[in-house]
Amino acid sequence: MKGISFGQYYPASSVFHRMDPRAKIILAVLYIVSTFLCKNVLSFAALTISALLLVILSRIPLRIMLRSLRPILFIVVFTSAINIFATRGAHRLTPEHWWLAIYEEGLWNALFMVLRIVCLILSTSIFLTYTTTPVSLANALERLLSPLKRIKIPVHDFAMMMTIALRFIPTLSEETEKIMNAQKARGANFTTGSLFARAKALIPILVPLFVSAFNRAFELATAMECRCYHGGEGRTQLNVLHYRASDFVAILLLVGFGVGLWFLNRVDFLYRLG
Amino acid sequence: MDKIYLENIRYVYSPDTPFEQVALDDVTLGIRKGCITGIIGHTGSGKSTMMQLLNGLAKPTDGRVLLDGFDINSTFDDVFDAWREREEYAKLSKRAAKKEIRGQLAELRRTLCFRVGLVMQYPEYQLFEETVYKDIAFGPANMGLEEDEIRARVLEAAAFTGLDEALLDQSPFDLSGGQKRRVALAGILAMRPEVLVLDEPAAGLDPRGRKMIFERVCDYQRNTGSTVLIVSHSMEDMARYCDDVVVLKDAKVLMHGEMNEVFSHISELSDTGLDIPQVTRLALALRERGVPISENIYTVEDATKALRALFSQQKDGKEASV
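Protein sequences appear in the order of chains P and E. For the first sequence, the residue numbers in this note's numbering are -2 to 271. For the second sequence, the residue numbers in this note's numbering are 306 to 627.
Only chain E is shown next, with the shape it has when bound in the complex (with noise of 0.2 Å):
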């Protein structure tokens, strides 16, 4: 089953004005578990609209959004008459029913946005304790941790982030912009979210600063087996990080599949106004002038084995003749 599920989700900023907007229409998409999954559009394709209604900060105009299936802003009523049925449920009389429903879906609310973790675009400007250790421990406080297990969780997201333990003590505005990143990126991390959803995570920083974000980002997914959803407009670090690629575009998905398919119709992808990869341009240009180098190429990785392999076959041919 997918983990998340978008259901004929349409969302619409400041209806019936005239400063009435369609950020996503009628979008239906499947988030595989245990994947990381890169979203990637033009600037107002929908991208954080859509990463807003994964953890229920927005609720759609229209539609469903199912997390393992359930729908995460269920009404009471919605729910009641299933529920009812459960075991759990099915001793007590009516009202004491109800009331345990009511209960639980509060607390299925309330938890949700500590199993779906949102990092935020530039969340360093979210940060606000006087130390890093406060800040980094205000997710997992919230979740009504115990201290201790609060103090094992910032130490381990901390360290790994990559985060100096005598950088805890410190005031979070003291820090380098690449090290605020980090900090607000383990406030994240230390609640352990199954689903974690990351809004252009690396903007703004240097290359070293994206590589050393992202690697941390896979590493907690295959530490985990938790599902991983990346926003971002490089094709590159998609093709560098991602399983799967969502295209979207005018608000809705253009392509959705696995990367190296979504990325095989790249020509198709230009005309959305997105970034392709350098190497990829120099490898369509090369073919274009009889160069049969693969056309699947979009790191510089890649770039470099492919062009190895034509040397040696070249090399090899060159032999041959003599």
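In isolation and in its complexed conformation, chain P is listed as follows (with noise of 0.2 Å):
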């Protein structure tokens, strides 16, 4: 657990590592919004290409990139599942009398299910999770609904709540493993016993966890205090985040690639989703 900020941010040097952070929430969002354009085996296929041309430039090892994607295998099953039988069409697969029937058109959705998700969960991760550090992906958020500020929404506020609480989770969590350590030492056994015996072994570690998190927001409370932290208003900032022009080509790219797909849309090819 030791070192491992929260999130996975990969530490690397890419394309996407440079980029605005904003720059990159408007990506991401361009990018899911492209992936519901799909709707034939074309797009889909560009679809495919454009996520394999993100994994290579994010140039983050395939193999931590796959463990973003294991959370949802049980969803890439379960809806392909369900696609696969519950879809009825015109090419009938398997034998009349089979109480299941699958149908080509099943197969097809199922493909173009999964592969949705995958992109989803892919490009999200690249453009925010892995290249982004947490406090930056705060910040850009900040920056991005500062509009918001004028109807009266405490932005800013929001904002810091957020870096806080993801500041606080590596060293809450290191804090947890020292206390469960400092317990076991003392004979605590957390894995063996009935639920409820288990349940009251958490009480040795919950204790002191809250009392050294509050203890912890008191301290910080004040020391904020003490640098005259009053909220956002007339705050400026250390870094302040500036578009670059490779942010706005990046940008102008996929929106480019969304209309591409819209065009590829219209050709007829095999199949395409009703």
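None of these hints come from the bench; they were simulated from the model.
FRET-style restraints, in silico, Cβ to Cβ: (1) P:I166 x E:E325: 17 to 25 Å; (2) E:E325 x P:V73: 26 to 34 Å; (3) E:S569 x P:A220: 42 to 50 Å; (4) P:L217 x E:S476: 21 to 29 Å; (5) P:L169 x E:A508: 17 to 25 Å; (6) E:K396 x P:V73: 52 to 60 Å; (7) E:R400 x P:L169: 40 to 48 Å; (8) E:I581 x P:R164: 34 to 42 Å; (9) E:A508 x P:F207: 22 to 30 Å.
Calculated Cβ distances over 10 Å to all of chain P for the following chain E residues: (10) H347; (11) E393; (12) E451; (13) A508; (14) Q526; (15) Q583; (16) K610.
Below, in silico cross-link-like pairs of lysine-lysine (BS3-like), each with a Cα-Cα straight-line distance of 27 Å or less: (17) E:K557 x E:K338; (18) E:K439 x P:K197; (19) P:K181 x E:K338; (20) E:K403 x E:K364; (21) P:K181 x P:K197; (22) E:K554 x E:K364; (23) E:K557 x E:K364; (24) E:K338 x E:K554; (25) E:K404 x E:K364; (26) E:K610 x E:K516; (27) E:K364 x P:K175; (28) P:K181 x E:K439; (29) P:K181 x E:K404; (30) E:K554 x P:K175; (31) E:K338 x E:K364; (32) E:K620 x E:K610; (33) P:K175 x E:K557; (34) E:K516 x P:K175; (35) E:K338 x E:K516; (36) P:K175 x E:K439; (37) P:K181 x E:K364.
Heads up, the beta-carbon is just placed ideally off N, CA and C, and yes, glycines get one too.
The two chains are supplied separately, each in an independent frame; assemble them into the complex guided by the hints.
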């Protein structure tokens, strides 16, 4: 657990790592829209190629990349099963007397769904979690949502809360580990016994953890006040975000990609979603 | 035989990730039984990791940790063949023997943390019970002792660490920092470990608190004949209380031996980024200016003695010359 920051930020040097985090959020949104634009074989093929390109450009090892897909494995299997067995169409593949009928359309639908989900997860992990630190992500969100300040939504405060929460996740997890070790050293046992016994075994961890979390919160609040923090009003930043030409190029490219998908959708080839 | 023997220990944090970090690199080390061994090293030299290996909290990436000659991380396959030959298992059928050995091994693992008591850094953060009494009793209760025995041990440990009996019914959160530290220490001592491991036991305490903690630990060692390991980066404390000293540097053992022997290489130690005691620095500076004072001076008491001797020598010398 030691040394690993929250999220899965993977330090490397790639175009995405250098990009402005705001641009990356916009790109992620555009890419999500693109995945839903796809309707037929050609556009899905283009989507798959683009996802592979993203993986290559991000310079993140494939092993790590695949790790992000592990949690959605169940959803992928489940939706493809539903699509395969629940879609009715014109081309039946299994014999008449089989109880569960499989149609050609079902297989296509399942394939498309899987591609869509996988591309969705891959792209958001590449644009956001793997190449952007949580803190710069929160910062970017604050800047992107700053127009909402006009309608009295405390965007800065939300962003600050998010930043603090993210900042303290590794600290607290380290603390939890320390406390767990300390209690284990006194013979505490968290893994065996009835459900009730195990829940009770958590008390020696939770009590010290809460005590220290509250202490930390008070200390942090004092420290912030000592440095005259009084909310976002008139606050400037040390590292001001700057869009660069490459950010605009990337956004334009992705918009172009979306338009391209729209045209590809109009070509009739093999199969298209209803 | 050494009480604890670390054999070619290697420990790596987050292996196979960009955050990989070697905390201990091929460390081989024997800890003498019934001695107080100090482990000193700069921050990040692997001290705390080594402590956690001793009671099985952390498992070495490579190498073995032997306690009384037995590898504490032995698996069933490791021990089966050897144990099968033992008298108590020889008579049993193979299946019964397997079950027995498995049970025996599990019991050994369970009791390991009671045999090797580990007091972590800033142990006051582990307090959680409603009363001091209950908190000290947590360890002994986990050992499965009888109520009377627990009570006896808690009272003994509390008295030993200088906690007033009236404090036992208070909430541990109402105590002062030094008192909390003593409660945490009592919680470990109440388990009567044969090896006591302390990670920076005096960190953040005032001089009186430091002295109190170290003296209690020394008393415990003397009364029970147990083996004690103290991690610290204060060479002065080490010099005062330890028999042996291990110096760690960059995940490796730099020096190991009796305290006087190790500390006589003090000029080499200064490269490890450790704080050389002020009095030692004073003695070295005096020597540089031609004062014939011993260089093995690590505590204020040493210095007092050496300077006294020096002054009386000088006086004698003067009288003789007159």
